[in-house]
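I would like the entire structure built from these sequences, with the hints used as guidance.
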Amino acid sequence: MTDDTLLHRELAARQADRAVVRIYRDRLGDEGILGRVAQFSEDVLVLARLDGESRDEGLTALRMDDITRIGSGTREAQAHTALATDLLYNPMEEASLTDLAATLSALARRYPILALHTEHYTPDETYIGVPGVPDDDHLVLQAWGSALTLDTHQVVLLHDLITRVDAGDAYLNWLVRAHALQRQG
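To convert, note that position 1 of the sequence shown is 0 in numbering that gives the first Met the number 0; the numbers rise steadily by one, no gaps.
For the record, the hints were derived by calculation from the structure and aren't laboratory data. Quick reminder that beta carbons are idealized off the backbone N, C-alpha and C, glycines included. One or more hints might be untrue.
[To be verified] Taking CB as the label site, the calculated pair distances span: (1) Gln-181 / Asp-25: 32 to 42 angstroms; (2) Leu-149 / Gln-77: 40 to 50 angstroms; (3) Glu-124 / Arg-182: 19 to 29 angstroms; (4) Ala-94 / Ala-11: 16 to 26 angstroms; (5) Gly-144 / Gly-70: 19 to 29 angstroms; (6) Ser-53 / Arg-8: 20 to 30 angstroms; (7) Ala-78 / Val-132: 35 to 45 angstroms; (8) Ser-53 / Ala-12: 30 to 40 angstroms; (9) Glu-41 / Asp-134: 30 to 40 angstroms; (10) Leu-6 / Glu-75: 18 to 28 angstroms.
This is how it looks when you write it as structure tokens:
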């Protein structure tokens, strides 16, 4: 399962009571990610992310080593807990949580496109697209441009560069529809 650290005990408690938390990764200049703890391991945290109005914003997978703080029990978090509907989450196999690359592969089997963040290296850049079959060090992403351009191109990314993976949020779902409409013609 997971280490018996204070961080893991706190995540387990917030998962059990279904409380909304804000996860901070201060070294990445992160403002905090709002959500419910969906699943975690020694290396990866999966959040059922919420927007500022307590609506479902898909899943976010983060490296545990990047987490610097967990905010919970604030008035804001309590309000989000009261307002957020129960999010449906189908847990991943434990093997999918061994590292962020394994979690990325598991999410790629569930969602048509993913957003991959490389915040340690290029904080303002996000790669959106369809991950291909990875090797031990890299993955090929069939990257999608913005909804304005609807272009596609291929990017090879080093796994170690990826710090966060988003799936199933409103923008990604909208982008899937826009690309589908473009293909229809």
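Each hint, compared with the structure:
1. The beta-carbon spacing between Gln-181 and Asp-25, approximately 39 angstroms, falls within the hinted interval of 32 to 42 angstroms.
2. The given range of 40 to 50 angstroms is respected by Leu-149 and Gln-77, whose C-beta atoms sit roughly 41 angstroms from each other.
3. One distance hint, 19 to 29 angstroms for the beta-carbon pair Glu-124 and Arg-182, holds here, with the actual separation near 26 angstroms.
4. At about 20 angstroms, the beta-carbon gap between Ala-94 and Ala-11 stays in the expected band of 16 to 26 angstroms.
5. For Gly-144 paired with Gly-70, a C-beta distance near 35 angstroms fails the hint of 19 to 29 angstroms.
6. Between Ser-53 and Arg-8 the Cβ separation comes to about 26 angstroms, which falls inside the hinted range of 20 to 30 angstroms.
7. Look at Ala-78 against Val-132: about 43 angstroms separates their beta carbons, and that is inside 35 to 45 angstroms.
8. Remark: the range hint 30 to 40 angstroms for Ser-53 to Ala-12 is contradicted by a beta-carbon distance near 21 angstroms.
9. Against the hinted window of 30 to 40 angstroms, the Cβ-Cβ separation of Glu-41 and Asp-134 comes to about 23 angstroms, which falls outside the hint.
10. The given range of 18 to 28 angstroms is respected by Leu-6 and Glu-75, whose C-beta atoms sit roughly 21 angstroms from each other.
Of the numbered hints stated above, those contradicted by the structure are hints 5, 8 and 9, listed in ascending order.
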